[in-house]
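I would like the entire structure built from these sequences, with the hints used as guidance.
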Amino acid sequence: MKAFLLAKREWKSAVDSPVAYVLLALLPAVSAAFFFVMGPFFDRGVATLRDFFGLLPWLFVMVIPAITMRAWAEERRSGTEELLMTYPMRLRDLVLGKFLGAWGLLAASLFFTAGIPLTVASLGDLDWGPVVGGYLGAMLMGAAAISFGLFLSASTRNQVVAWLISAVGLMTWNMLDFAATAEATPPALGRWLLAADFDEHFFAFARGVVDFRDVVFYLSVTVFFLCLNGLTFEHRRAS
Amino acid sequence: MSARQHIRWAAILLLGCLIALLSYSQTLSGRLDLTADQEFTLADSTLDLLGELDDRLQVKLYFNRDIEGAEGLLPARMVLEDLLDEMAQASNGKMVVETVDPTTDLAASRDAEHIGIAAVPLPSRRVGSVSMNTLYQGLEMRYHDASEVIPFAIPAEFEFAFVTRLQALLKPDRSRVAFFSRESPAAPPVPGIEMPIPADRIFANFRAILYDRYRVEEVLLDADSGGLRLGEDADLLVVARPENVNESELASIQNYLGGGGHVLILWDTEEISPGLGARPIQTGLKDWLASLGVHPQSGLVWDAHSQEAPVGSRAVPMPDGSVKQASITMPYGFLPVLEGDSFHSEHVVTASLSDVLMFWAHPILLEDKAKQQFAAETLLRSSPQSWLLPSDVSLKMTAENIERLRGAAAQSGPARAFSLAVSLRDVVGGQGLLTLLGDADLFHNASLQAGSTNSDFALNLIDWMAQRSSLIGLRSRGKRARRIPHFYNEYIASQGGAPSTTEEAESLDREAKAFERAERRSLAWSNVLLPPLLVLLLAFAHFSYHARAAKRPWRRAGGAS
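Sequence lines, in order, name chains A and B.
For the first sequence, our numbering gives the first residue as 1, with consecutive numbering after it.
For the second sequence, our numbering gives the first residue as 1, with consecutive numbering after it.
Quick caveat, the hints were computed from the structure, so don't treat them as lab data.
Mixed in with the good hints, there may be bad ones.
[Said to hold, decoys possible] Restraint-style ranges between C-beta atoms, simulated for each label pair:
id, chain 1, residue 1, chain 2, residue 2, range
1, B, Arg-279, A, Gly-115, 55 to 65 Å
2, A, Phe-178, B, Ser-273, 26 to 36 Å
3, A, Met-175, B, Arg-416, 54 to 64 Å
4, B, Ala-36, A, Ala-188, 37 to 47 Å
5, B, Asp-85, A, Pro-186, 35 to 45 Å
6, B, Ser-2, A, Met-175, 17 to 27 Å
7, B, Val-120, A, Trp-58, 31 to 41 Å
[As the list claims (entries may be wrong)] Over the 10 Å line for every Cβ pair with chain B, so calculated as not near, a few chain A residues:
id, residue
8, Asp-16
9, Leu-84
10, Tyr-87
11, Thr-119
12, Asn-158
13, His-235
In this text, a Cβ means the ideal position worked out from N, Cα and C, and glycines have one as well.
Printed below as a string of structure tokens:
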């Protein structure tokens with residue numbers, strides 16, 4: 001419950017900052033622009049959101065580091081990290097609170113994209129299964145990306161550096177499938193790279209299939225980076 | 001060990017746990033299919049057939065997993081393995097899957113070649129050279145002493161391909177389709193030589209797409225042939241372009257229907273040829289159909305929603321000063337395109353179709369009697385912007401003639417949709433099923449190519465009439481076109497369809513394009529701008545509230561006034 005208190009504080013400080021509103025508006029506006037204005041939706045003439053969900057992993061590369069960059073780096077820079085550590089909370093709750101705060105912001109941002117499926121449904125016979133699957137997958141993928149971003153934010157005191165390394169890290173992780181299919185990559189390694197690719201596990205959700213393996217992938221990545229986040233503080237405390 | 005070392009070891013341990021967990025999770029299965037048509041779940045017909053296995057079904061998958069330079073294909077190809085795994089689980093151990101790689105196993109390579117599983121060449125480009133890889137993606141199914149082969153399994157069509165072969169293994173007696181036509185007999189096959197199709201065998205492709213799943217037999221219906229008997233003789237009778245059907249042949253058809261048989265009639269009132277015009281055909285069935293309240297009409301449907309026909313070419317000056325010949329096409333109303341509302345949306349045959357391209361269309365008039373007594377249903381209809389023109393009009397595909405035909409159509413009366421294929425139940429004696437297609441050219445060699453949407457319609461119709469409708473759902477999985485409205489066509493329809501003069505047509509075309517652009521823009525930009533505006537409004541409300549609150553010097557205690 002203490003984690004939720006910190007998440008609430010994070011939320012409150014987010015809505016008091018204009019940056020959060022920019023982030024809330026950015027994801028829906030950019031995804032709608034790519035989907036309706038620049039994408040082939042009208043030319044194809046089929047009521048499906050496959051292209052919208054195909055864009056999400058790449059939009060997350062820009063948006064999620066922007067959500068997570070200030071989470072820890074700003075605390076360190078302004079010297080409030082030590083104050084935070086004096087809260088009557090366990091480190092686990094602190095990390096979880098930061099995570100829930102950022103995850104809530106992502107959920108709000110995704111909420112504002114609801115106009116896209118509603119528009120498509122008003123035009124044609126949209127299958128809502130893949131839409132539900134896509135949003136569920138987006139939340140799980142977002143959770144994994146946020147925990148990754150929080151870990152990197154905890155490793156630096158500069159917000160811009162935190163954004164940059166998170167964005168580059170996520171982009172590289174998304175591009176593992178390119179490495180997997182490269183000629184120089186041995187086939188066995190290619191298979192491993194494909195299994196580890198970040199967005200590869202999202203596409204089944206966007207098709208409307210919730211595969212147990214994909215859920216396990218995102219949940220375990222989320223837990224792994226949250227634990228690493230905690231260990232970073234332990235390491236800093238020990239040194 | 002210091003605290004910092006402890007932390008480092010903990011991080012390494014965590015990484016190990018993550019890798020172990022992810023590796024282990026790959027061996028687990030379990031998924032939830034959220035799609036409306038359960039596109040990624042085994043169909044009931046598949047589960048029923050697997051439940052009927054009384055002996056081991058040995059499936060040998062010829063599959064080379066690792067292909068250098070084509071690893072990106074793997075996730076889609078692995079759908080095959082996933083589906084086979086699900087089938088094996090559903091068979092309660094009766095189905096066993098063995099995967100072999102013919103690229104590394106010489107014996108498997110020989111076996112694959114022997115049973116007809118070909119290696120698909122896959123070029124792989126490298127700097128300075130091109131190498132060739134091979135792709136194996138076929139399987140052999142063995143059950144009792146019989147075997148069936150899928151030479152190359154396409155993931156999206158795999159379940160259908162698997163089930164039809166499993167059905168053939170479990171029920172070796174295939175459904176029989178009796179084919180009655182006036183076509184000349186097929187030439188005997190000569191091994192190694194592909195014989196040209198004789199000009200008068202216009203349903204050769206139709207028969208060919210049925211051979212995969214049905215035993216197709218040419219039949220005679222006159223008194224000497226002894227007639228047809230339901231079940232023992234045929235599950236379905238196809239009467240292809242009936243001509244001069246005599247009384248004994250008609251009696252055979254009626255007897256067959258009376259016994260609960262299913263009859264598909266590919267009707268033609270006229271044989272249409274653009275160069276020669278229309279040759280009337282005396283079918284010999286007109287009076288009988290009229291007694292059922294069904295009237296195939298003479299005359300051709302002119303549909304504003306139609307295929308484009310080449311009508312000539314014109315010289316177009318290019319930016320570099322050269323001149324190129326560009327072909328000119330115009331919508332030719334005698335070649336209707338059936339889409340959307342042209343299909344019976346609830347019928348298993350037509351619900352999943354995206355489009356059907358017709359070559360000439362003769363309408364069918366249904367009396368109320370047919371609708372009430374025989375539960376007549378219209379499977380295909382032309383668009384609401386259609387007119388009926390006499391068959392003796394010129395069919396030339398020239399700009400002038402098309403203009404003339406448009407004008408004649410507009411003057412012939414108000415536009416309406418015409419029934420093009422109908423189905424009647426409980427015909428003759430209360431059991432038979434009769435389907436009538438207004439124009440047999442829909443199943444002509446030229447319009448039925450394997451894999452086309454026309455052939456999907458043909459197969460759906462045959463599967464339904466031969467009572468194998470569960471296969472329709474399998475084939476159509478994921479193919480249901482969820483179309484959005486075509487703003488251009490909507491505008492044309494709202495303005496009353498095709499105009500009679502070129503000037504009017506060009507003006508309507510400009511207006512329709514402008515309407516389409518405006519509709520698209522308004523939808524797109526409202527989606528782009530509305531969320532930021534909403535967020536801006538929220539931000540404004542939030543900050544103005546806090547600004548007002550900050551100006552207040554006091555706060556009411558406990559929130560009470």
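These are the hints, each one checked on the structure:
1. Look at Arg-279/B against Gly-115/A: about 58 Å separates their beta carbons, and that is inside 55 to 65 Å.
2. Distance hint check: the CB atoms of Phe-178/A and Ser-273/B are about 55 Å apart, inconsistent with the given range 26 to 36 Å.
3. Met-175/A and Arg-416/B have their C-beta atoms about 56 Å apart, which keeps the hinted 54 to 64 Å range intact.
4. The hinted window of 37 to 47 Å between Ala-36/B and Ala-188/A holds, with their beta carbons roughly 39 Å apart.
5. Separation of Asp-85/B from Pro-186/A is about 26 Å and departs from the stated range, judged on CB atoms against 35 to 45 Å.
6. A beta carbon spacing of about 38 Å between Ser-2/B and Met-175/A contradicts the range 17 to 27 Å that was offered as a hint.
7. One distance hint, 31 to 41 Å for the beta-carbon pair Val-120/B and Trp-58/A, holds here, with the actual separation near 32 Å.
8. Residue placement check: Asp-16/A does not keep its beta carbon more than 10 Å from all beta carbons of chain B (closest about 8 Å).
9. Separation of Leu-84/A from chain B is adequate, the least Cβ-Cβ distance of about 19 Å exceeding the 10 Å criterion.
10. Distance check for Tyr-87/A against chain B: the nearest CB is about 21 Å away, which clears 10 Å, and the non-interface claim stands.
11. At roughly 6 Å from the closest C-beta of chain B, the C-beta of Thr-119/A falls inside 10 Å, breaking its exclusion from the interface.
12. Every CB of chain B lies more than 10 Å from the CB of Asn-158/A, the least distance being 23 Å, so the non-interface label holds.
13. Not every CB of chain B is more than 10 Å from the CB of His-235/A (nearest about 5 Å), against its label as outside the interface.
Hint violations for this structure: numbers 2, 5, 6, 8, 11 and 13, all remaining hints satisfied.
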